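Participant: So the protein sequences, as listed, match chains A and B. Note that my numbering gives residue 217 to position 217 of the first sequence, counting from 1, and the numbers run on in steps of one. Note that my numbering gives residue 246 to position 246 of the second sequence, counting from 1, and the numbers run on in steps of one.
It should be emphasised that the hints constitute simulated quantities derived from the structure, not laboratory data. Treat the numbers as computed from the prediction; the structure is a model and nothing was measured. Treat the hints loosely; a few may be bogus.
The list makes no distinction among identical chains, and a pair is therefore deemed to hold if it is satisfied within one copy or across any two copies.
Derived lysine-lysine pairs resembling BS3-like cross-links, with alpha carbons at most 30 Å apart [unchecked claim]:
{"no.": "1", "residue 1": "K223", "residue 2": "K196"}
{"no.": "2", "residue 1": "K78", "residue 2": "K246"}
{"no.": "3", "residue 1": "K246", "residue 2": "K236"}
{"no.": "4", "residue 1": "K71", "residue 2": "K104"}
{"no.": "5", "residue 1": "K205", "residue 2": "K71"}
{"no.": "6", "residue 1": "K246", "residue 2": "K71"}
{"no.": "7", "residue 1": "K78", "residue 2": "K236"}
{"no.": "8", "residue 1": "K223", "residue 2": "K71"}
{"no.": "9", "residue 1": "K223", "residue 2": "K236"}
{"no.": "10", "residue 1": "K246", "residue 2": "K205"}
{"no.": "11", "residue 1": "K71", "residue 2": "K196"}
{"no.": "12", "residue 1": "K196", "residue 2": "K246"}
The chain contents come next:
2 protein chains.
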Amino acid sequence: MRRGTVVIIGSGNVAGALCRWIPRAGYSVAQVFARNVESGTRLAQAAGCAYESDPSRLAPADIYIISVSDKAVAEVCKTLDFGDSVVVHTSGGCGIDCLSPSAKNRGVIYPLQTFSAGCDLNFREIPLFIEASDEATLARIGELARAMSDSVRECNSEQRCKLHVAAVFACNFVNRLYCTADALMRENGFDFSLLKPLIGETARKAMQSDSPQSLQTGPAARKDWNTIARHLEILKNNPQLTEIYKLLTINIIHGNNG
Amino acid sequence: MRRGTVVIIGSGNVAGALCRWIPRAGYSVAQVFARNVESGTRLAQAAGCAYESDPSRLAPADIYIISVSDKAVAEVCKTLDFGDSVVVHTSGGCGIDCLSPSAKNRGVIYPLQTFSAGCDLNFREIPLFIEASDEATLARIGELARAMSDSVRECNSEQRCKLHVAAVFACNFVNRLYCTADALMRENGFDFSLLKPLIGETARKAMQSDSPQSLQTGPAARKDWNTIARHLEILKNNPQLTEIYKLLTINIIHGNNG
Numbered sequence: 001m002r003r004g005t006v007v008i009i010g011s012g013n014v015a016g017a018l019c020r021w022i023p024r025a026g027y028s029v030a031q032v033f034a035r036n037v038e039s040g041t042r043l044a045q046a047a048g049c050a051y052e053s054d055p056s057r058l059a060p061a062d063i064y065i066i067s068v069s070d071k072a073v074a075e076v077c078k079t080l081d082f083g084d085s086v087v088v089h090t091s092g093g094c095g096i097d098c099l100s101p102s103a104k105n106r107g108v109i110y111p112l113q114t115f116s117a118g119c120d121l122n123f124r125e126i127p128l129f130i131e132a133s134d135e136a137t138l139a140r141i142g143e144l145a146r147a148m149s150d151s152v153r154e155c156n157s158e159q160r161c162k163l164h165v166a167a168v169f170a171c172n173f174v175n176r177l178y179c180t181a182d183a184l185m186r187e188n189g190f191d192f193s194l195l196k197p198l199i200g201e202t203a204r205k206a207m208q209s210d211s212p213q214s215l216q217t218g219p220a221a222r223k224d225w226n227t228i229a230r231h232l233e234i235l236k237n238n239p240q241l242t243e244i245y246k247l248l249t250i251n252i253i254h255g256n257n258g
Numbered sequence: 001m002r003r004g005t006v007v008i009i010g011s012g013n014v015a016g017a018l019c020r021w022i023p024r025a026g027y028s029v030a031q032v033f034a035r036n037v038e039s040g041t042r043l044a045q046a047a048g049c050a051y052e053s054d055p056s057r058l059a060p061a062d063i064y065i066i067s068v069s070d071k072a073v074a075e076v077c078k079t080l081d082f083g084d085s086v087v088v089h090t091s092g093g094c095g096i097d098c099l100s101p102s103a104k105n106r107g108v109i110y111p112l113q114t115f116s117a118g119c120d121l122n123f124r125e126i127p128l129f130i131e132a133s134d135e136a137t138l139a140r141i142g143e144l145a146r147a148m149s150d151s152v153r154e155c156n157s158e159q160r161c162k163l164h165v166a167a168v169f170a171c172n173f174v175n176r177l178y179c180t181a182d183a184l185m186r187e188n189g190f191d192f193s194l195l196k197p198l199i200g201e202t203a204r205k206a207m208q209s210d211s212p213q214s215l216q217t218g219p220a221a222r223k224d225w226n227t228i229a230r231h232l233e234i235l236k237n238n239p240q241l242t243e244i245y246k247l248l249t250i251n252i253i254h255g256n257n258g
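Okay, chain A solo, but in the shape it has when bound (with noise of 0.2 Å):
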């Protein structure tokens, strides 16, 4: 039984991501519909459908999913006629009105989630945040999401950006952050593979966890001045390590997120 047709509208990550899995979840994607023509028909092979990239071309469908960059949003929904079909984009920093006017029964399903090129991820245990124009479009969107993932909610816009501040912060930043530590690594002829098994027991700690805040060690937690002092004073030709070095410092020893 098919529940539905899905057009994919873009060929990132994303889109790859949810081209596995939309079959799975009993829609069938009925094309992938994307500017880019290398990526875009590497995705449309892979979901058993045409690829497009002709405006005028886009395939009927229930549910129309644009994954493409935040930026970009606007712009591709401006240049397709979707009907009455109801159309979502997937985009943590997009407010849903980034749909309007070009559709009418619009909303947003946001994976809070990091997504690779060919990674497959297992889409039921990501958390789904979803809204809609409407309680028919809502209806019909929270059925495709809760085909696909196990953990499904709803947010508005508003609540969906701070959403998307806090996969900053958790995500990105601290991707930076080990970024940071692989240059002091190797500043020592220290490869980054050494800080692996730190890294991964950080994240397997904060996992099994209720509050990371429960777990904060290192001499900021313990108010250690003098190991604080010396590492400032390995960091003194670096202005900018050196302040975000103090900034989280700081900000763990005043425990202060509110």
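Based on the hints, put chain B in the right spot on chain A.
Facilitator: Just chain B, lined up with the frame of chain A:
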């Protein structure tokens, strides 16, 4: 065949991990020496040896391992008579000379890992960085380290202090970002658990990569100023988070760690 006897000094998480791993490495634990009666006794029971807190009753041993807080290393060392035995500490932040002059044959075994109470990490995968006062001591410390771990490297006190800074970024500061993300989730009425798939995947990607630099995503990496401005608007009532957001964003854009 017992390779030698070890006395563990301290009863914290590193001491606890050593009490489990040293017997598996073919050494015997002769005594757990610690100020804290409760945790010291528990560790000694687990290691099947005696507990002691009286400096005059320190057991004879081939190697003494001091696993106490950075601040306490020098202090503890002064109160004990090690004779000609090898004495090491396990601290990233302390130089080898924290152990002098009490310890004639001294060194360091620094595990680049975060330790929790009761957590049975696989020590064979933990990178150990060793240093010693002389070649003969280095040989004996190296033998113990290699009996515990497959990843043993030499590093001097200056390098180790930089490794310690790297660990602060990759572990303590990363955990602080998890806390920040947690707080932002809770402001929305959402649970920390919803961040766990993202935290896990972010760490997993880094652990499968040679360089986290190549994995950097998010608004800063895309120079998506609209999104950055929206995020700063959301954070405007929290000056500390605003500063952290700005600094890490600038740091990602400049790509400057060196």
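Participant: State whether the alpha carbon distance between K71 and K196 is at most 30 Å within one copy, between copies, both, or neither.
Facilitator: between (34 Å within a copy, 27 Å between copies)
Participant: Check K205 against K71 for me: Cα-Cα at most 30 Å, and say if that holds within a copy, between copies, both or neither.
Facilitator: Close across copies (25 Å), not inside one copy (36 Å); limit 30 Å.
Participant: I want to check one pair: K246 and K71. Are their C-alpha atoms no more than 30 Å apart within a copy, between two copies, both, or neither?
Facilitator: Close across copies (20 Å), not inside one copy (33 Å); limit 30 Å.
Participant: Is it within, between, both, or neither for K196 and K246, if the alpha carbons may be no more than 30 Å apart?
Facilitator: both (24 Å within a copy, 27 Å between copies)
Participant: Given identical chains, is K246 near K205, meaning Cα to Cα at most 30 Å, within a copy, between copies, both, or neither?
Facilitator: Both ways: K246 and K205 sit 24 Å apart in one copy and 28 Å across, limit 30 Å.
Participant: How would you classify K223 and K196 at a CA-CA limit of 30 Å: within, between, both, or neither?
Facilitator: Both. Shortest intra-copy (26 Å) and inter-copy (28 Å) distances satisfy the 30 Å Cα cut-off.
Participant: When no copy is specified for K223 and K71, does a C-alpha distance of 30 Å or less occur within a copy, between copies, both, or neither?
Facilitator: between (43 Å within a copy, 11 Å between copies)
Participant: Checking an output row: K223 and K236, CA cutoff 30 Å. Within, between, both or neither?
Facilitator: Both ways: K223 and K236 sit 20 Å apart in one copy and 28 Å across, limit 30 Å.
Participant: How would you classify K78 and K246 at a CA-CA limit of 30 Å: within, between, both, or neither?
Facilitator: Neither way: K78 and K246 sit 46 Å apart in one copy and 33 Å across, limit 30 Å.
Participant: Which holds for K71 with K104 at a C-alpha limit of 30 Å: within a copy, between copies, both or neither?
Facilitator: Cα proximity of K71 and K104: one copy only (20 Å, versus 65 Å across).
Participant: At most 30 Å between alpha carbons: which applies to K246 and K236, within, between, both or neither?
Facilitator: Cα proximity of K246 and K236: in one copy and across copies (11 Å, 20 Å).
Participant: Is it within, between, both or neither when you check K78 against K236 at 30 Å Cα-Cα?
Facilitator: Intra 51 Å, inter 32 Å, cutoff 30 Å: neither.
Hints 2, 7, counting from the list given before, are not met by this structure.
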